[in-house]
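Enquirer: Each chain is listed here by its residues.
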Amino acid sequence: MKKYIFTILLALILALGCSKNDEEFLDRPPSSILTQEQIFTDPSAVLSVLGDLYNRYNDFGTVEDWPSLARFNVAYWSEAGRYPEFQNDGWGFGEWGTWDYGYIREINLFLERLSEATELDEELKARFMAEAQFLRASYYFELVKRMGGVPLILESETYDFSGDASYLQHPRETEAAIYDFIISETDALKDILPTDANSKSRATKGAALAMQARAALYAASIAKYGATTPQVSLPGGEVGIPASRADEYYTKALDAAQSIIDGEAGAYDLYTNKPNLSENFSSLFYDKANNPEAIFVEDYLVGGGKTHGFTIVNQPRFGAEEEEGGRINPSLQFVQSFELLDGTYAPLANEMGGDPVYYDNIGDIFQGRDARLAGTVILPGTTFKSKPVDIWAGVVLADGSIVSGDSRGQEKTLPGATGQVQVVGFDGPIDGLEFTAQTGFYIRKYQDPNTGSGRRGTQSDVWFIRYRFGEVLLNAAEAAFELGQPDVAAGYLNRVRERAGITTPLTASDVTFDKIAHERYVELAFEGLHFFDLKRWRLAHIVLDGNPINETEVTQNIGVATKRETQPYSIWPYKYYNPGDPNDGKYLYKISRLSRITGADRFQFGNYYSEIGQNLINNNPKLVRNPNQ
Amino acid sequence: MKTKFYIFICSALLLVTSCSLDNFDEPDAMFSGNIVYNGEAIPVARNQVRFQLWQPGYALTAPIDVAIAQDGSYSSRLFTGDYKLSFVPGQGPFRTPSDTLYFELSGERAMDIEVTPYHMIRNPQFSYAAGTVNASCSVEQIITGADARVVERVTLVINRTLFVDVNSGDEGSLAQVDAADLSDLDNLNMSVEIPTDPKKPDQNYIFARIGVKMVGIEDMIYTQVQKLEF
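First to last, the protein sequences are chains A and B.
Here this note's numbering runs 2 ahead of the position in the first sequence, where the first position is 1.
Here this note's numbering runs 7 ahead of the position in the second sequence, where the first position is 1.
Hint data in this document are derived by calculation from the structure and do not stem from the laboratory.
One should not assume that every hint holds.
Across the chosen pairs, the derived CB separations fall in these ranges [claimed, not checked]:
#1 B:A74 with A:N552: 43 to 51 Å
#2 A:L126 with B:A74: 55 to 63 Å
#3 A:I35 with B:S82: 32 to 40 Å
#4 B:A74 with A:P244: 55 to 63 Å
#5 A:T230 with B:N45: 51 to 59 Å
#6 B:I71 with A:A229: 56 to 64 Å
#7 A:E144 with B:T139: 49 to 57 Å
#8 B:A74 with A:E413: 48 to 56 Å
#9 B:A137 with A:E413: 43 to 51 Å
#10 A:T230 with B:D185: 15 to 23 Å
#11 A:E250 with B:S82: 45 to 53 Å
A virtual CB, placed ideally from N, CA and C, is assigned to each residue, including glycine.
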């Protein structure tokens with residue numbers, strides 16, 4: 003009997019346990035995956051996807067990767083593991099390459115899916131579309147700068163598993179065609195994107211126009227100056243732009259820059275919020291409130307999960323919030339290239355007729371220069387986060403011999419004295435000791451003055467400015483100069499120079515190519531732009547010619563665009579010790595080259611455009627190699 | 008017992024693995040020679056000038072780079088097969104043969120590759136006197152007409168080791184000096200003082216060579232390295 007009950011129960015469970023709705027019951031929507039329909043019906047979900055695409059924006063130089071901002075011997079890298087960068091003699095052809103078609107595909111997919119979405123507000127949808135197109139154009143700009151002409155893929159492609167993938171293999175477009183694409187794309191986008199000077203981290207009309215101005219200027223200068231290096235071109239035009247197109251591009255660059263300057267894209271202007279000009283220049287990079295200069299930035303937020311460690315790795319070592327810092331050490335050549343306030347060039351006056359010049363205060367040698375110097379570089383005798391830096395290399399005795407130490411702030415007994423005194427600064431410089439100011443300087447640009455910015459637990463949320471009004475002015479000035487309007491160029495240059503405290507304005511006849519190159523060098527240093535200036539002017543192989551720099555030439559030809567830049571030099575302050583002498587206790591300066599710098603960088607013709615890897619050519623034999631590789 | 012067992016296993020493994028069945032033959036052909044002009048080797052900077060070998064007939068074709076040594080020679084160990092040889096445009100201080108060379112390679116093969124340099128350095132003379140290296144030479148222009156290149160600089164390079172060129176930083180050059188006067192290419196004189204470095208041991212010899220840089224050409228042409236004893 004009992005057996006039957008079990009059998010019946012079992013049968014009942016089986017019979018009642020299933021119903022015809024079982025399929026529905028089991029078919030549950032996944033809770034961890036969003037479907038395309040779910041995303042493209044909800045504006046905030048679309049924005050999240052777009053946010054991911056923004057996050058993957060490709061920068062050549064960025065505060066997240068400090069060496070990327072300080073390449074090409076504008077600075078020495080005070081980190082033991084990086085010294086070999088100054089001991090080799092050049093770069094591989096693959097250096098600086100980028101080839102992220104996965105990113106382009108995802109942007110294309112985003113555009114395709116978004117254009118099919120029906121439930122989104124049309125205006126919002128148009129803005130999202132325009133932003134994604136802006137990001138795609140930005141990446142093509144990055145590609146063309148580094149690789150030359152690349153395949154232009156504007157829709158997603160799918161492999162059909164037929165065994166023949168040749169229909170997915172696209173040849174390279176010409177370099178000019180990619181620049182034309184960027185220009186036409188930004189032309190189309192500028193009126194769809196919002197005109198809002200306060201929106202910094204999302205694409206705006208200002209950002210589109212700024213990109214257009216920069217791209218057109220790059221294309222124009224490649225057309226014009228590429229003629230001097232016919233070796234750096236390909237017969238199919240994948241590299242190199244015909245010289246005849248230079249004026250067309252320069253005009254486009256000038257127009258785009260002028261529409262920003264004239265306020266068509268919103269109230270952009272130079273940042274002039276602080277009375278002290280040097281402080282003003284440095285705070286332009288970290289002041290996020292009421293900053294009319296920044297046009298398009300990568301933004302960060304402490305406590306918001308997006309921070310970077312630029313201040314950690316570069317803060318002055320003395321009093322640093324972590325046991326590190328001081329990595330980027332701007333070179334002597336960079337520091338001395340800042341003009342005197344009357345607009346003339348002068349080397350740092352450390353010697354006169356073979357005798358050292360004695361200064362009462364350690365920073366006096368840098369006085370009376372372009373305010374951007376102290377805004378870009380932490381000089382000896384200045385402060386960071388209200389703490390003075392302690393940069394001095396040793397004590398010079400009456401007979402000229404030097405007493406110094408090999409650890410930071412070391413104490414020694416000087417001859418004829420009793421008791422130990424400090425003989426070297428707590429920030430060095432000590433040759434070969436990492437994190438000290440080995441050239442005599444630290445970097446100030448992009449360093450965050452907030453407490454905690456140098457701590458690993460907090461980090462910094464200073465933004466990285468990709469496009470700013472100052473660069474737009476310089477772009478306009480260069481384009482105007484090349485189009486034979488030096489008076490217009492002088493006007494734009496003077497706006498930038500006036501903010502730097504330079505008292506003598508330039509006249510039309512003062513504007514030369516060297517002047518423009520110099521202004522970009524000092525204004526835009528450590529922003530990841532110098533490299534592309536060298537490339538597009540075809541000066542890289544001249545400036546980086548593989549020859550070492552000797553001590554006499556290092557202080558000559560300041561402000562000349564072709565000045566050799568193969569090695570960074572140092573200038574170290576010393577205290578003079580000679581009791582009874584009127585110069586006792588004063589400071590003198592010595593120029594030297596660090597012992598770790600044994601190589602001299604050589605930029606080969608094959609470095610102008612990065613190598614397209616063999617694996618890519620194997621996958622797509624239609625890709626032609628870049629010249630000289 | 009157990010140990011013996013393990014030894015047996017190990018030796019068995021050693022025997023079975025790396026048998027000739029699962030290994031390729033090593034490359035057995037040797038391709039060597041000089042880059043020459045009229046039979047004279049053209050010295051260049053070490054590892055700076057190269058040509059490429061391609062082996063047609065395979066699905067994936069990647070070039071095999073062959074670097075030219077500083078005395079103008081090259082050598083490469085390769086698999087037996089058919090090859091084609093081509094220069095990368097713009098490589099070398101010479102005009103390269105424009106057509107691709109095809110050749111079959113098996114065993115040893117020596118082949119001189121004839122090129123036309125823009126200039127040749129003639130009569131290099133080196134001498135040492137009182138801590139200074141003096142050198143003289145003349146430069147003969149080979150290629151004239153539309154393709155002619157102007158001499159940009161003539162440089163005397165010295166080094167403590169056999170490797171002498173201006174491109175390798177301190178590794179290739181202890182000191183170098185450019186000829187001050189290029190107006191008479193038949194009579195070029197340079198002299199460079201040997202720098203003293205207390206950190207390096209004294210030596211009673213030095214290596215020197217002269218290099219010529221042409222406008223718009225990246226690679227320099229050199230003389231053979233000369234050892235000077237004193």
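Enquirer: Could you tell me which of the hints above the structure violates, numbers in ascending order?
Expert: Result: hints 1, 3, 4, 5 and 6 break, sorted rising.
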